[in-house]
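Participant: So the chains spell out like this:
4 protein chains.
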Amino acid sequence: MTTLTPILATSGEVGSHSAKHTVRMAVAGVSGYAGAELARLLLAHPRLQDARPIFLGRMVEGDAASGAQAPQTLLSDLHPQLASYGATDAVVPFSWQRLRDEGIEILFLALPHEQSREWVPQAIESGLRVVDLSGAWRLHDVSNAAVYKLHDADPVQAARLQNEAVYGLPELHRDAIRKARLVANTGCYAASIILALAPLVRAGIVDIEHGIICDSKSGVSGSGKAPTAKTHFMYAANNMSAYNVFGHRHTGELVEQLGVTSSQIQFTPHLLPIPRGILSTIYLRLKQQTTSHNVEALLREFYKASPLIRVHRSPSLPQIQYVVHTNYCDLGFELHEDGKRLVLVSCLDNLLKGAAGQAVQNMNVMLGWNEAEGLR
Amino acid sequence: MTTLTPILATSGEVGSHSAKHTVRMAVAGVSGYAGAELARLLLAHPRLQDARPIFLGRMVEGDAASGAQAPQTLLSDLHPQLASYGATDAVVPFSWQRLRDEGIEILFLALPHEQSREWVPQAIESGLRVVDLSGAWRLHDVSNAAVYKLHDADPVQAARLQNEAVYGLPELHRDAIRKARLVANTGCYAASIILALAPLVRAGIVDIEHGIICDSKSGVSGSGKAPTAKTHFMYAANNMSAYNVFGHRHTGELVEQLGVTSSQIQFTPHLLPIPRGILSTIYLRLKQQTTSHNVEALLREFYKASPLIRVHRSPSLPQIQYVVHTNYCDLGFELHEDGKRLVLVSCLDNLLKGAAGQAVQNMNVMLGWNEAEGLR
Amino acid sequence: MTTLTPILATSGEVGSHSAKHTVRMAVAGVSGYAGAELARLLLAHPRLQDARPIFLGRMVEGDAASGAQAPQTLLSDLHPQLASYGATDAVVPFSWQRLRDEGIEILFLALPHEQSREWVPQAIESGLRVVDLSGAWRLHDVSNAAVYKLHDADPVQAARLQNEAVYGLPELHRDAIRKARLVANTGCYAASIILALAPLVRAGIVDIEHGIICDSKSGVSGSGKAPTAKTHFMYAANNMSAYNVFGHRHTGELVEQLGVTSSQIQFTPHLLPIPRGILSTIYLRLKQQTTSHNVEALLREFYKASPLIRVHRSPSLPQIQYVVHTNYCDLGFELHEDGKRLVLVSCLDNLLKGAAGQAVQNMNVMLGWNEAEGLR
Amino acid sequence: MTTLTPILATSGEVGSHSAKHTVRMAVAGVSGYAGAELARLLLAHPRLQDARPIFLGRMVEGDAASGAQAPQTLLSDLHPQLASYGATDAVVPFSWQRLRDEGIEILFLALPHEQSREWVPQAIESGLRVVDLSGAWRLHDVSNAAVYKLHDADPVQAARLQNEAVYGLPELHRDAIRKARLVANTGCYAASIILALAPLVRAGIVDIEHGIICDSKSGVSGSGKAPTAKTHFMYAANNMSAYNVFGHRHTGELVEQLGVTSSQIQFTPHLLPIPRGILSTIYLRLKQQTTSHNVEALLREFYKASPLIRVHRSPSLPQIQYVVHTNYCDLGFELHEDGKRLVLVSCLDNLLKGAAGQAVQNMNVMLGWNEAEGLR
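Protein chains in written order, with our numbering: chain A, 35 to 410; chain B, 35 to 410; chain C, 35 to 410; chain D, 35 to 410.
Next up, chain A with everything else stripped away, as it sits in the complex (with noise of 0.2 Å):
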């Protein structure tokens, strides 16, 4: 691996692109669900009509093992639902050299940890612009990212890189998007359990030290799309279970970005019988007594500026759905009358906005775009 001149060496500030100049994508991972979304925001996406996202697969250009690959596989092969998006596009071999050829400026990332943590030092050396969809970025303190048992070529780099990466949650860290070289994807269940918590615990009117539970569901996309004992229909089928309890990677992200501490904070996943959507149940209790009124108040002056936040207005409460196929997160809740109880709901779709329709946000956040832009 030799290193690159950077593609955009003369891209002087980052985060300013005027309307004109034409910029060019491409997605490396399209073989899954979050990758299949990703490509279907992009080929539609109205920003992007003049300028085609190229399509890498997972294969390095040139290895013995994608000299064997077909180099034909078709976009539409990998996904028929997306041949209505004209996806003829051919997937081709990962390559540093057609990054550079193409003139790519962002490239996503929807690989596996591993594959991003050995990619993604060279990509910003190279200067590319990254957003990644794996967890392999998204946790700063070093124990918490342990989770994901990383092993770096170069450490020091990786640590830098690690620091300087942004949480891909525009609502929370948008001016930082808007410059950043490296942005991490969001876990999809930590951004229906973020964005539902941090209006609140920033506010500092929650009782952290009595703990927080979230009780999330997820459709089984959220699994991945390799066949497995459990993703086999019949044991998804009419069945629902808990798992990972106390022990799910996203909890590290729900830490740091609460600003909380891990016993202060407890999350349990649980899989749905349904395709698509998460809904997280958030039970907390207030430091001192309030109305709905205040708590919808809050909500709502926290997200003004967010047009893909939804809230609702007690005791109407999102639903699964009213999201999926959306790139919203909708919001609610209820307030016991006793005015310190409270149990929030979030919903989103995880591969919209809790993958594939978040790195589509930040992406636009990047570029000075709206970043609803080609969501809604």
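Bear in mind the hints are in silico, worked out from the structure with no lab data behind them. Please note that a few of the clues may not be correct.
A pair holds if it fits inside one copy or across any two, identical chains being indistinguishable in the list.
Unchecked claim - Simulated pairs of lysine-lysine, DSSO-like, Cα-Cα distance not exceeding 30 Å:
{"id": "1", "residue 1": "K213", "residue 2": "K264"}
{"id": "2", "residue 1": "K183", "residue 2": "K374"}
{"id": "3", "residue 1": "K213", "residue 2": "K321"}
{"id": "4", "residue 1": "K338", "residue 2": "K374"}
{"id": "5", "residue 1": "K374", "residue 2": "K321"}
{"id": "6", "residue 1": "K213", "residue 2": "K259"}
{"id": "7", "residue 1": "K183", "residue 2": "K213"}
{"id": "8", "residue 1": "K338", "residue 2": "K259"}
{"id": "9", "residue 1": "K374", "residue 2": "K213"}
{"id": "10", "residue 1": "K338", "residue 2": "K321"}
{"id": "11", "residue 1": "K321", "residue 2": "K183"}
Dock chains B, C and D against the given chain A, drawing on the hints supplied.
Facilitator: Chains B, C and D only, in chain A's frame:
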């Protein structure tokens, strides 16, 4: 409504039937899901092969309305799946006279609670023993029972019966059920929660002051057979939603049976896109550090004489797929490494262990039979 | 009901709108599933961004009933998922005056066929062009139309309109639709079958005398939004059933559009436990031996100018998962090695290509726009 | 593989067990769905309460591979839902010695057909009676059986057994099954189709020359337990697809059992998004006009001694919901008013009447027991 001579005026000791005595059952209200399951269990019950139950509709014989009703509705017309049980029994109008003529000893009521409230006093007066599947008689505290908005013809008598009624969980009230005249079958959610919590709460190891969170998920059959906007396939399928936050009627059962206050326990039901099954995820803190081994031992000891409770060994957890179409309640848990934060998971089939199977289990206990008979 | 001055008295040539002319649409009947999809498609249609459609309920302004109705029902109240389209539009009572005042040119009716039969004559008389989604105007032969039991105020006028109405499949009747005053959207089942069969039948290669078997399967949304015993989740989920064997209303459309007799084609609908999508499996014999290559070529030639038809290469076959939420009809087939027995498989989304999407496609054709505009 | 002394050398007359004789069963291959159902039925079978079956894995005792395998896999580890049947039985490696030591009389094989083809000859030679659930022995005609690509160690012996094997539909071959040494359980699709057609075809009233169309739909369990792209929840849920058009292996069974040629019957299977259940819609013409009454009478007469067939009265039709979890095959039909075009609808549970339940029914017949024993 005239007062009838007690049907079993000379029954002597309640609860001491010899094996030879043939006991006759009647079921009032077989049109719903629980009624269908109850009919199925009774028709297949090994101890009732010589004493076929009778099945009664909600209409009273002689009423104008019932006169218009087709008198020859068969059980298998209402529930074609029961045809395999030879369910060519006619569903006959309700009649006290018929109950007397047929020598009925145990009357099951699978009716709205208002109807139950009206009929149970006379049934008891007539010497019948009653297993009631509605919410009419579950709550002893008047303030808790207020959620059912009960209007009694004879409030004094009703209050006395309310007090006498035994809460129908054999695992907790076996001795009282054995002798009971009126057994109040539990709420389906309540059964799943109480069975998980009772051993720990009674052992005094739960930090009740900290509060207990019960996040429950139920299949659509829990919403009843009436077609509504919320039971429409298009609404329920691929969806999930929370409802009745802080306001579900089963909460009073938790409070009374666990001996906690309503501010110490919190219950949130959710609607799952599956036909049947409940999974409750329960969050609590222990007063003192303990081990998984101890928690499991405590649960096993508590249920050592309860054949229909199955305890998982941590980290194995119950799943809905393994309890549906059974009368089991499966219990599992995970204890945090801090030794104090505990997550309990409880699963049952809301129509069986949560309704019809529980009713038969109660009948078995009332008659001195093996409580699992006909339920495995 | 008085006769109104034609709204577009001077509209001159029908079907020749320049791009600059702003066309206004109205949709009557937005409470159902097809209505919701129609509203969504129109709100997102690129050619209608400056000419927001208006949405009308089924009640007529000034009626006693409508007076009682809450006048401020919003589209997003009826269909929360439309909130993402900024659907804060009020659904207003139906009124001829309003249609005139707003300068409406095209009126969509997503109403029961009786209502359509009542309103369409006046709409046409008023100079409106109509796309009707009911079954009221699909059938030209009086004996076929008898299945709808139509009662007309002015039978002569109705018969004339019935005769004038164009069957709303642009792939078959594009030219007539372009100039039509009244377009009768097709039955959803009928669309899936006719699109598969028309190329072969018109080519004269089908052994029609032998008979054609159409075995169709549809998701639950085809049964409408009214909660009934058959749309209850508990009935539809995990189930499948055939219904209306030999008696489904869409059969007449097959007969008329394919030019066969009712004894030459047989259609059996089935209810699938999925929200949306139709798959039709069609069995026929060819008059003479042919090859897969020829069958495919014939289909492709027939649909070469039809952007919303996708033809599979045998043995690849359409699946419901690849057409739901799209406006495509996917066609595939397998030819027996005898060269004569042919199985056609056709898939579409019953709410889109089978209803709302087809209506928008018809609108596009009527206005001289690209027929796929707003549908990909 | 050495030839063993016949296990039951003195068994004398096959098929004449007195009630007192204790019969022992073994099941080889309990890891799949049919194996699990078979284990469940045998464990609960009233005639086997004193003669627990033994359960064998696919590994042969003493093989290197089996040595590595955990020897203490419990039935309830493989299938937690069987725990309620006290299924703490160990699944032991396959061993001829063990079968002999345990005095096994009937061996069930729920294994791939290659394995069955290898083991059955020795089993028969050892005096065991075999119920085989694979496709290995269903077809008598060599050209039909070619679809299974069978390779036999001793082709002559295999051909002899192939010829001897009885097709395992008691409704058609009850007498032969009673005395059979080798019963070949049927294909699940084939059972649903043959049971519907046999009465009519045998009565000679079907216009076979015209051709019979069988359009069948099956739940996902029919695709087996191996996780694959097609059994992934994300692929199967909300979807439907046709497959193996003109090429499904069960077609040979239709041809042989109904006595038609392969050009006279056509079978198309489809995958349904449900766990279990088959619905077959069958299209045919009668030679002469008849009435619904006659068709129903013919079906009832044919099955008058078959307790597991239920005939609907037209226009009532079978539905999957009423046969799942039962061992019934439900039959219904609709006759066109022309008196000649007939649509048959047949439903069964592919894991029960189509596999495990049928195997137990065959066992019952083989042992002279009531054929429905343990199946209702």
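Participant: Would you list, in rising numerical order, the hints stated earlier that this structure does not obey?
Facilitator: Result: hints 1, 3, 6, 8, 9, 11 break, sorted rising.
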